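Chemist: Sequence:
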Amino acid sequence: MKLIGNAINNYIGRYQERLGIATSMRLAKCYNNIRYRGEKRRAIENYENRFEELLQENQPGFSGKPRNKLEDGWCIDRSGNFPHIEETLAEADRLIADRGGEDRRGTPLAQTDYLFHLNDVPDLFNYRGLLKFPTSSEIIATVAEYMGMIPVFSQTRPKGVRVFESTNQFNKNTAYTASQLFHLDLHDSPLVYAILLVRDITEENGPWNFLPASESAKAVKALNYQAKGEPYRVTDERMYEVVDSSKRISFTGKRGDVLFLDS
Numbered sequence: 202m203k204l205i206g207n208a209i210n211n212y213i214g215r216y217q218e219r220l221g222i223a224t225s226m227r228l229a230k231c232y233n234n235i236r237y238r239g240e241k242r243r244a245i246e247n248y249e250n251r252f253e254e255l256l257q258e259n260q261p262g263f264s265g266k267p268r269n270k271l272e273d274g275w276c277i278d279r280s281g282n283f284p285h286i287e288e289t290l291a292e293a294d295r296l297i298a299d300r301g302g303e304d305r306r307g308t309p310l311a312q313t314d315y316l317f318h319l320n321d322v323p324d325l326f327n328y329r330g331l332l333k334f335p336t337s338s339e340i341i342a343t344v345a346e347y348m349g350m351i352p353v354f355s356q357t358r359p360k361g362v363r364v365f366e367s368t369n370q371f372n373k374n375t376a377y378t379a380s381q382l383f384h385l386d387l388h389d390s391p392l393v394y395a396i397l398l399v400r401d402i403t404e405e406n407g408p409w410n411f412l413p414a415s416e417s418a419k420a421v422k423a424l425n426y427q428a429k430g431e432p433y434r435v436t437d438e439r440m441y442e443v444v445d446s447s448k449r450i451s452f453t454g455k456r457g458d459v460l461f462l463d464s
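Residue numbers in the sequence shown follow our numbering, run continuously in steps of one, and reach 464 at the last position.
Take these hints with a grain of salt, some might be off.
What the hints assert, rightly or not - Estimated spans, in silico, between C-beta atoms of each pair:
| hint | residue 1 | residue 2 | range |
| --- | --- | --- | --- |
| 1 | 313 | 357 | 32 to 42 Å |
| 2 | 373 | 436 | 14 to 24 Å |
| 3 | 298 | 443 | 35 to 45 Å |
| 4 | 443 | 251 | 40 to 50 Å |
| 5 | 250 | 428 | 34 to 44 Å |
Unchecked claim - Quick list of in silico lysine-lysine cross-link-like pairs, DSS-like style, CA-CA up to 27 Å:
| hint | residue 1 | residue 2 |
| --- | --- | --- |
| 6 | 429 | 419 |
| 7 | 270 | 448 |
| 8 | 455 | 266 |
| 9 | 270 | 360 |
| 10 | 422 | 230 |
| 11 | 360 | 230 |
| 12 | 266 | 333 |
| 13 | 373 | 419 |
| 14 | 373 | 333 |
| 15 | 230 | 429 |
| 16 | 448 | 422 |
| 17 | 230 | 241 |
| 18 | 241 | 333 |
| 19 | 270 | 419 |
| 20 | 333 | 455 |
| 21 | 333 | 270 |
| 22 | 419 | 230 |
| 23 | 241 | 266 |
| 24 | 270 | 241 |
| 25 | 360 | 455 |
| 26 | 270 | 455 |
| 27 | 360 | 241 |
Since the hints were derived computationally from the structure, they do not count as laboratory data.
Note that the structure is predicted; figures quoted are calculated from it, not measured.
Beta carbons are placed, not taken as given, at the ideal position from N, Cα and C, and that holds for glycine.
Using the sequences and the hints given, assemble the complete structure.
Modeler: So, in structure tokens, the structure goes:
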């Protein structure tokens, strides 16, 4: 099965432009549903039959129901009231002190010239506090209720638990590129982020911008997005031809604010 997977991956990688993103994703999804059918079945069955038990085991005293619910693909919690949130914020501070502000262009931790990962999966053994917040029952329950199954952390792309540094310190390109442009993540669907602000974020220092799921669906149809020959990234100008710019949501806020988002 692994050999088949490598062959499919190589084929899609070579011919994705001919197939189109949507077709490539469907092929990959079909293969993964076969290869990982056992894992997927257990994730769904445990959610349907044992979920409250597992949440209680993970966090004794948890009520069993999350206080947040994603509506139209997103929700924001500004309470700062999550289990272990201070531990995770403190660990993120330590990681930033150890690794922040460095030019990581050309390294595996550089996603773009302005967006750096400060950790990889093995680093979680040295920064264990980063796992406290995302593995709390409140976070897991919120994501699981939306997905209809117990979520798992990715170890490929995008990495499941990561601290991002967004900076223009080393970016010479003044035009918006890559992640700064509208796009839908192609790694899987649904793919839910729980984004925890480690620093206060205003409009002046680069907030995360997104469209609600219903507006994204309109744009996908109007732009023929992910079809063969269509670009993966969409400029603001092109997007706002089919979607009212007032529908854009900007995730500004204080340290400790959390955005749940189906990307």
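Chemist: Taking the hints in turn, state whether each one holds.
Modeler: Checked hints:
1. 313 <-> 357: 32 to 42 Å: violated (18 Å)
2. 373 <-> 436: 14 to 24 Å: holds (20 Å)
3. 298 <-> 443: 35 to 45 Å: Once the Cβ atoms are compared, 44 Å apart, the range 35 to 45 Å for residue 443 and residue 298 holds.
4. 443 <-> 251: 40 to 50 Å: This hint holds: roughly 44 Å between Cβ atoms.
5. 250 <-> 428: 34 to 44 Å: holds (39 Å)
6. 429 <-> 419: holds (18 Å)
7. 270 <-> 448: holds (20 Å)
8. 455 <-> 266: holds (25 Å)
9. 270 <-> 360: holds (23 Å)
10. 422 <-> 230: Cα-Cα ~21 Å, so holds.
11. 360 <-> 230: holds (18 Å)
12. 266 <-> 333: holds (19 Å)
13. 373 <-> 419: violated (34 Å)
14. 373 <-> 333: violated (36 Å)
15. 230 <-> 429: The hint holds at about 18 Å.
16. 448 <-> 422: holds (17 Å)
17. 230 <-> 241: holds (12 Å)
18. 241 <-> 333: holds (24 Å)
19. 270 <-> 419: With a Cα-Cα distance of about 22 Å, the restraint between residue 270 and residue 419 holds, given a limit of 27 Å.
20. 333 <-> 455: Within the cut-off at roughly 20 Å; holds.
21. 333 <-> 270: holds (21 Å)
22. 419 <-> 230: holds (23 Å)
23. 241 <-> 266: It holds: about 22 Å lies between the C-alpha atoms, which stays within 27 Å.
24. 270 <-> 241: Holds - the C-alpha atoms of residue 241 and residue 270 are around 23 Å apart, at most 27 Å.
25. 360 <-> 455: holds (24 Å)
26. 270 <-> 455: holds (20 Å)
27. 360 <-> 241: holds (19 Å)
Hints 1, 13 and 14 from the list above are not met by this structure, while the remaining hints are.
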